[in-house]
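**Q** Could you build all of it, start to finish, from the sequences and the hints given here?
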Amino acid sequence: MSAKLLVENVSRVFPGVRGGEPVTALQPTHLTVGENDFITLLGPSGCGKSTLLRIVAGLDRPTTGRVLLDGREVAGPGPERGMVFQSYTLFPWLTVAQNIAYGLVERGVPEAQRRETVAHYLDRMGLSGFAEHWPKQLSGGMQQRVAIARALANDPAILLLDEPFGALDNQTRALMQELLLSIWERDRKTVLFVTHDIEEAIFLASRVLVMTARPGRIKAEVPVDLPHPRGYRMKTSPEFTALKARLTEEIRAEAVLAAAEH
Amino acid sequence: MLGLAFFALFVAAWAVATLGGFVSATFLADPVTMLKDGWLLLTRFGFLHDIGVTVWRVVGGFALAALVAVPVGIVMGAYKPVEALLEPFVSFARYLPASAFVPLLILWAGIGELQKLLVIFIGSVFQLVLMVAVAVGSTRRDLVEAAYTLGSNERSVVRRVLLPANAPDIAEILRLVLGWAWTYVIVAELIGSSSGIGHMIIDSQSLLATGQMIFGIIVIGLIGLVSDFAFKAGNRALFPWRLA
Ligand SMILES: Nc1ncnc2c1ncn2[C@@H]1O[C@H](COP(=O)(O)OP(=O)(O)O)[C@@H](O)[C@H]1O
Ligand SMILES: [Mg+2]
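In the order they appear, the protein sequences are chains D and Z. Under our numbering, read the first sequence as residues 1 to 262, first letter to last. Under our numbering, read the second sequence as residues 1001 to 1244, first letter to last.
By construction, these hints were calculated from the structure, which means they are not laboratory data. The beta carbon of each residue, even a glycine, is placed where N, CA and C say it ideally should be. Warning: the hint list may mix true and false statements.
[Said to hold, decoys possible] The following residues of chain D were derived to be distant from chain Z, with all beta-carbon distances above 12 Å: (1) T24; (2) T64; (3) N99; (4) L175.
[What the hints assert, rightly or not] Derived SDA-like pairs (lysine to any residue); straight-line CA-CA distance at most 25 Å: (5) D/K136 with Z/K1080; (6) D/K136 with Z/D1142; (7) Z/K1080 with D/R217; (8) D/K136 with Z/P1168; (9) D/K219 with D/R18.
**A** Structure follows, in structure tokens:
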């Protein structure tokens, strides 16, 4: 397995606000993501998942350690690390098509080629017919599909997703998981996906990394050997249920710890 | 509709007070006299010219202020060091009353057009800078971050995110401050001026022509109303994504 992304000894301590104690959000963490891996980071809320992902994205600086992508150290945000946020971050003043083309314009891709790429992703995300809509006119699930398309249009080396379906209702969320998985099954784009939902973590991943309660660190690594293509029926298979039972145990201990702290 | 009804109520109360003889005509003209005086002003005394001059002054002074203030405000909102440098001074300058500058500006720039423009400029520019900076400074952080992860650098974040994200707010700020600019122009015209709506009002005062004075004030109100309306229509046309 070639290392696409290497997280070496990365930790993050936030300085205390107004003379308060500094907050350790992330303990020194090591993480290797191979080419074409689909990794899910699973942990209770507040354990530092977003912090870790933001450091990989270059939106935050680690207190110690470093992040390497294809052997190069990450120094700031860049289009080779596409990011999808939990909050809806489409640019409200751009249409769906213009949102998807945002990064292409930044790179100076010619208009004709831009249009082609946009049409391609509109189609794959099931958004044909919505090209000229404003983000406001779309449902949450659709907005996140556009956000994924917008990140993929840049053809990033790795796709980072921070609980992208966290705000969606269960049915929409399940459909979105299948859509994302079908895209991965075709392109095998390297993915790092953050979630606190056990089922989601298993269903999508080739490997699930379980994090401890705050201050977070990776405490277990669970390979998911379920075959592809995966469908929603798989969620009731014995293998899936066994994995779910195991991860529930792992997470429960942490959730109890996290709850005790508050 | 309800808004119109209140206008009607207001005029009715005014008519009752004056035509009913409750208030002496020396102090407050009745609506009919006001309209007659207004007609005379427009047809005989070249009041249209005064209106034109005043509008020109407001628009000119305000446009100059906007031209300076909007870019400065955006840069202030976008870059913390620039904000740290300018914010204290602008906050101080904002409280300097434009009307208090009128005598000083007459010394500096005479009583010509430049002086009128400067009054409006000084009255508007600091307010604009500060309000634009605040709007830009409070741009949604996650949108800026999304832009960076899509390959934007600082400059293109300003151009492709901060600017379009805040354009509607900036338009709204311009609308608001333009309203204030109207009060400055009248003050500037009350002192040391030979034309303009403010000059007409002060002229009428020496003649005790309250009908003319009230007509002048109402014209100011109407122009404000029309420009407000135009601004709102313009915003709707320019920023359809807001309404969708
Ligand atoms: N900018 C910040 N300043 C101070 N504390 C922060 C900041 N960002 C996150 N934290 C703290 O770090 C911890 C981990 O946060 P986060 O990474 O968002 O957790 P998760 O995404 O797993 O829910 C939390 O306790 C949070 O309060
Ligand atoms: Mg989070």
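**Q** Between the alpha carbons of D/K219 and D/R18, is the straight-line distance 25 Å or under?
**A** violated (32 Å)
**Q** Does the claim that D/L175 lies outside the interface with chain Z hold up, using a Cβ gap greater than 12 Å?
**A** Correct as stated: the minimum Cβ-Cβ distance to chain Z is 23 Å, above 12 Å.
**Q** Do the alpha carbons of D/K136 and Z/P1168 lie within 25 Å of each other, as the hint requires?
**A** holds (16 Å)
**Q** Just want to verify: D/T24 was marked as not at the interface with chain Z; is every Cβ pair farther apart than 12 Å?
**A** holds (23 Å)
**Q** Is the nearest Cβ of chain Z still more than 12 Å from the Cβ of D/N99?
**A** violated (9 Å)
**Q** For the pair supplied as a hint, D/K136 and Z/D1142, is the alpha-carbon distance within the 25 Å limit?
**A** holds (16 Å)
**Q** Is Z/K1080 close enough to D/R217, meaning Cα to Cα at most 25 Å?
**A** Since the Cα atoms of Z/K1080 and D/R217 sit roughly 34 Å apart, the hinted pair is violated (cutoff 25 Å).
**Q** Within 25 Å, alpha carbon to alpha carbon, are D/K136 and Z/K1080?
**A** violated (30 Å)
**Q** Holds or violated: is the Cβ of D/T64 farther than 12 Å from all Cβ atoms of chain Z?
**A** Consistent with the label, D/T64 stays out of reach of chain Z, its closest Cβ about 23 Å off (over 12 Å).
The structure fails to meet hints 3, 5, 7, 9 from the earlier list, while all remaining hints are met.
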